[in-house]
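Asks: Between the sequences and the hints, there should be enough to build the whole structure, so can you do that?
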Amino acid sequence: MYTIGTAGHVDHGKSTLIQALTGIDPDRLREEKERGLTIDLGFAWLTLPSGKEISIVDVPGHERFIKNMLAGVGGIDAALLVVAADEGVMPQTREHLDILDLLRVPAGMIVLTRCDLVEGEEWLELVEEDVRAAVAGTVLADSPLVRVSAVTGAGLDNLRDTLDRLLAETDAKRDVGRPRLPIDRAFTLRGFGTVVTGTLLDGRLQVGDEVHVVPGNLRSRIRGLQSHKHKIESAAPGNRVAVNLGGVDVDDVYRGQVLTLPDMLTATRFADVRVRLLPSAPRPLGHGDVITFHSGSMEVLARARLLDQEAIAPGETGLAQLLLVKPVCLSKGDLFIARQLSPAQTLGGGEVLDPYPPRHKRFASDVISALDTLERGSPQDVVLQAIRQREPCTRDAVSGVLPFTAAEFADFLTTLLAAEQAVDLGRHLYSAVGWAELTKRVTELLGEFHGRYPLRTGVGKEEVRRGLGLQSRVFAEVTQRLAADEIVVEEHGVLRLASFAIELSPAHEDTAQALLAALEREPLAPPSLGDLCQAMALDDDLLNVLTAQGRIVQLTGDLIFSAPAYAQAVTLVREHLALEDRATVSQVRDLFGTSRKYVLPLLEQMDRDGVTKRDGDERTLAR
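Its first residue numbered 1, the sequence shown is counted upward by one per residue in the numbering used here.
No lab work stands behind these hints: they were computed from the structure. It is possible that some hints are incorrect.
Here are the in silico distance ranges between beta carbons for each label pair [stated by the list, open to error]:
#1 R473 with G377: 27 to 33 Å
#2 G469 with G216: 29 to 35 Å
#3 E122 with V325: 41 to 47 Å
#4 E53 with R427: 41 to 47 Å
Distance condition first, Cα-Cα at most 25 Å in a straight line; then the derived DSS-like pairs of lysine-lysine [as the list claims (entries may be wrong)]:
#5 K440 with K326
#6 K461 with K440
#7 K361 with K440
Only a predicted model underlies this, so the values are computations on that prediction, with no experimental measurement involved. Glycine is no exception: its CB is placed at the ideal position from the N, C-alpha and C atoms.
Replies: Take a look at the structure:
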């Protein structure tokens, strides 16, 4: 299915031509019929000689209704530039032509109407020359031109045949599996409820589909579909479609919203774009200027933050980030028109490079390079750049903003992974550059910690996660991959560099030897930890290392024993229990030749170590 749009100056016979071609009057409003003037979008359809059925969007030509014209030409496959033979090229002819050129309409043809009002071949030839001069250098430069009269019917068959041949050479709209319907009308029908219409893009809709209206996040289900007043079960990209929505109030739906499948598109307040100003633009576009932004069926005010220059001159291009005054629904590759507010006039247009960008600094070379890649790079480059801008990100988060099918995206990603340009953590993706940067941050963070605390085994995982600013799910994948790559080691909720091992300095070793010597003077009645700390340079880190090395045993309270002293105590208890089966605290005290101050903590440690088992006030050997 193809959709055709008209364009041209007011009162050049666009609606009359469409009615003559199709038998359908596209002027549907009473005011339009009373004034003989198209005010809003009109719709008709036609079966061409080949049997191909096309939709037609008729747009107003008056400059006051240019925003309505823009709402109708965003999704067309071909344009009919209508020029009255008795008047020739007029101001709105040129503005409409500029818009078609900025929107890169794939195909088009020129229709000279009202030829029955002109006498003489010479005049028609002069008008044709005028039109050819006007379209030179635009998307319609080489378009066919036909002469018609809607009144007499002359040339209409030729118009149908020419249009048929033109569309046979025009690619149909792609199905990338993400349907979106920019809404250009919303109304109610008695017995049916709310109906919205638009030109379907990027995917199929079916009766029964659950759908969302974005922005607004309205949820509904498709009760019915119509195209050209015929019920259909499904609609393909390119179709003009009327969608009957259940459970939605017509007052909540408006032109500019987008109908799509659940969780497929979200609204945005920012867009990175390439802007091209018309040579005829009345002034440059400056940094911070407010424009009217038109894309699809939507119109919204936006402030332009220029990223690569102070101002864009007429006829020149530049990069900008648009700050939209309200959320809108955009996709990468969408084309747009930019108009100045007062006096209302088209400044230029361009292409959406990234519909969900981060905030950028101006004149940043990496930002400019990234946007250049999004605009001109290969599909793999575009996928890689989208990952880079969003990392860590899921596949859906990347593919959802790119104009590729799921299969295409999967192929491009596979190529990137095979070339080690991207890193797959399982659920989340990084670019190779982003992963290298993250790895460097982790190694620097852990390395700094090891340097500051050489006697600690590592950093708590939660502290590392907060330092990296990662979500828990992402961090779990990151640490798993870093461990698999033997960059870090995770032990008991602590992370360390795989290359790190605790080594006592000569000074620490001297302190350790002094400590052990003090403990061995009275092995089972050692000095308190407080007394030891006053006597020598002890700290918790050194004590923990000596404990981990098995050189000392730290008990609850203020006691530590040398490892040999603790082993001696265990041996004495085991030998006693092997003979007596049970032992009281007093018996162990006498056995050790010490006091309860030391015996109780020692027995409690043996309980924890599985040497003994407490039974009331007595101890038995643990099995």
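Asks: For each hint, tell me whether it holds in the structure or not.
Replies: Status of the hints after comparison with the structure:
Hint check: R473 to G377, Cβ distance near 30 Å, so the stated range 27 to 33 Å holds. Between G469 and G216 the CB atoms are about 32 Å apart, so this pair conforms to the stated range of 29 to 35 Å. The hinted range of 41 to 47 Å is not satisfied by E122 and V325, whose Cβ atoms lie roughly 52 Å apart. Range check, E53 to R427: Cβ separation about 45 Å, and the 41 to 47 Å hint holds.
The straight-line distance between the Cα atoms of K440 and K326 is roughly 39 Å, outside the 25 Å bound, and the hint therefore fails. Restraint check for K461 and K440: the C-alpha separation of about 17 Å stays at or below 25 Å, so the hint holds. Restraint check for K361 and K440: the C-alpha separation of about 24 Å stays at or below 25 Å, so the hint holds.
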